[in-house]
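Enquirer: Here's the letter readout for the chains.
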Amino acid sequence: MKIAVCVKRVPDTETRIKIAADGRSIDESGVKFVLNPYDEYAVEEALRRKEAAGAGEVVVVALGTDTSQETIRTALAMGADRGVLLKTDQRSPDPLPLARALAAELKGGSYDLILFGKLAVDDYSHATGTMVAELLGLPCVSAVSHLDLANGKGKAEREVEGGVEVVEFPLPAVLTADKGLNQPRYPALKGIMAAKKKPLEVKPVTLEQGEVETLELALPPERKPGRILGEGPDAVPALIQALRTEAKVL
Amino acid sequence: MAAVLAVLEQRDGALKKVSYEVVTAARGLADGLGCGVDGLALGPVSLDVTAATKFGAEEMWMIGDDHAALYQPHLYTRAVLDRIKAKDYSAIVLAATAMGKDLGPRLAARLGVPLVADVTSVTVDGGIVVTRPVYAGKAVYRLKITAPRCVISLRPNSVMAVEQSRTATLQHAVLPMAEDGPVARTTAVKAPAEAKLDVAEAPIVVSGGRGLKEPGNFKLVEELAQALGTAAVGASRAVVDAGWRPHAEQVGQTGKTVSPGLYFAIGISGAIQHLAGMRTAKVIVAINKDKDAPIFKVADYGVVGDLFEILPRLIQEIKKVRGAA
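Top to bottom, those sequences are chains Y and P. Residue numbers for the first sequence follow this note's numbering, beginning at 1 and rising by one. Residue numbers for the second sequence follow this note's numbering, beginning at 1001 and rising by one.
FYI, nobody ran anything at the bench for these hints, they're computed from the structure. Where is the CB? At the ideal position from N, CA and C, for every residue including glycine. Among the clues, some could well be false.
Claimed, not checked - Derived contacts from chain Y toward chain P, CB cut-off under 10 Å, selection only:
1) T13
2) I17
3) E28
4) D81
5) L149
6) E168
7) N182
8) I192
9) K197
10) P221
11) R227
12) A235
As the list claims (entries may be wrong) - Here are the simulated DSSO-like cross-link-like pairs (lysine-lysine), alpha carbons at most 30 Å apart as the crow flies:
13) P:K1213 to Y:K18
14) Y:K18 to Y:K107
15) P:K1190 to Y:K153
16) Y:K155 to P:K1087
17) P:K1213 to P:K1319
18) P:K1319 to P:K1289
19) P:K1054 to P:K1016
20) P:K1087 to P:K1016
21) P:K1016 to P:K1190
22) P:K1087 to Y:K18
23) P:K1054 to Y:K248
24) P:K1144 to P:K1190
25) Y:K248 to P:K1087
26) P:K1190 to Y:K248
27) Y:K248 to P:K1320
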């Protein structure tokens, strides 16, 4: 099994977001960056599939600034074999230029599987993996929470509103991972040491000009201050009253 | 002349409520651009799109074919692309649901046009301008589309569906043939034993957290949801990670982002990643024993105390109120 996993460096989910002076991006000072949580499921799945097959290679691909090398090393420490950084300082609020750059790298790589996280917890587009599949003409299942693979075919489950879709597909394919697909391993010390010596190729890329302009990135409007209606069950009538007559939601 | 295309969504032959929101948003966009709106719905032969004709579209295109009863990515993609070949649409609007989050990127990639996903508003100001929450709602982008065509997915519950005086004319089209080449095929939808509302779509969400102490106590949360009527049960990351509740119910940065009319946070302290996922709810009620819990900073109404004492009373009072209504 030759498997590619595309990963992204994102702020930790517990980060308090501050807006940068340009008003169009976040202030990254003091922000802890991590491997995107959904990409952890993708890396873990790739490792398990390679282990089950008994042979193969897991290649980690990231797109971003030089700092993404650290993110790739995290995946290498989990057990991936080598990394590729498509290095650029450009950003794009439109996922398509990113998908095109990744597709160009993945094309011709003879991968049996190309895995992504279902979304990155920074831009929340839920798009790049599916776009890459379309650009490469490969079957794709997004937001996979369960996967069976055998004899060059796959069966995936994805959560939809009020149910679970079952999707069948042939390999090679592109899948994007949802929470629930597996329980990602923590890199062991041995893995962390080994990761330092694994190959990581840095390839400069230039993104195509996107067609979405960032006018502003702002904090969401503050909610109006609420109030504590009281303590214990005795406060319930006041709550019912407020919901009925003030908020008019009951 | 250009127009806006609204792509509708159905389940079991019935249109989803978000479809009316999508047509309403498309109408608003079209008014800003000075053009018309067409709708396109795919589904089984039994699909009835009449209800969707009242939200401002001029033409409502329908493909009723039992092969399209389930969401088939390649067929749905092909059908939208065929419609776009027939008419020059400047924007394609669909819902940011499980289906729309899959279909939107496919269309954008095939058309070579930008995608703005999960937007909460669409306006025209010298071009199409959208707002889209990022970092799970901790920040909001205002973006302008500079391309002549784009794909927009709309977050459910962010635009209120509004009926218009105009009624769309019904048009029928046939399901396109499958393309050559390998594709993914949806073979089934497994529904849970009892139909449940999804947290991302429900008008009311009742979420529980660690404060419930053990998984069995979630029955209090379920009872409250039931008493409220059209309510879904949600959960904090802590209880999902602990295996008490399924991931489908998780609200927050690695779960779902929700915007219901009413949100109850029961025994949830309010970690940043959770607040990010529910802060766009219209009304938030928090019940927590710790009066300093961060959840009270975003809640409109708070009750401090033991949830095991408060919930039974609350359930009883809500039953009384709803029984009388």
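Enquirer: Interface hint check: Y:R227, Cβ to nearest Cβ on chain P, cutoff 10 Å. Holds or violated?
Expert: Constraint on Y:R227 satisfied, holds at 7 Å.
Enquirer: With a cut-off of 30 Å on the C-alpha distance, tell me whether Y:K248 and P:K1087 pass.
Expert: Distance ~44 Å between Y:K248 and P:K1087 Cα, so the pair is violated.
Enquirer: Taking the least C-beta to C-beta distance, is Y:T13 closer than 10 Å to chain P?
Expert: For Y:T13, the interface hint holds, since the closest Cβ of chain P sits about 4 Å away, which is under 10 Å.
Enquirer: Has the given pair, P:K1144 with P:K1190, been kept, meaning a C-alpha gap of at most 30 Å?
Expert: violated (39 Å)
Enquirer: Is P:K1054 within 30 Å of Y:K248, Cα to Cα?
Expert: Answer holds: P:K1054 to Y:K248 is near 27 Å, not above 30 Å.
Enquirer: Are Y:D81 and chain P close enough, Cβ to Cβ, to be under 10 Å, as the hint says?
Expert: violated (26 Å)
Enquirer: For the pair supplied as a hint, P:K1087 and Y:K18, is the alpha-carbon distance within the 30 Å limit?
Expert: violated (43 Å)
Enquirer: Compare the distance between the alpha carbons of P:K1213 and Y:K18 with 30 Å, and conclude whether the hinted pair is satisfied.
Expert: violated (34 Å)
Enquirer: Given the hinted pair P:K1190 and Y:K248, is their alpha-carbon gap at most 30 Å?
Expert: violated (36 Å)
Enquirer: Does Y:K18 pair with Y:K107 here, judged by a C-alpha cut-off of 30 Å?
Expert: Roughly 37 Å between the alpha carbons, so the hint for Y:K18 and Y:K107 is violated.
Enquirer: Taking the closest Cβ pair, is Y:E168 under 10 Å from chain P?
Expert: holds (5 Å)
Enquirer: Decide if the proposed pair is consistent with the structure: Y:K155 and P:K1087, CA atoms, cutoff 30 Å inclusive.
Expert: violated (36 Å)
Hint compliance for this structure: hints 3, 4, 5, 7, 8, 9, 13, 14, 16, 22, 24, 25 and 26 are not met, and every other hint is.
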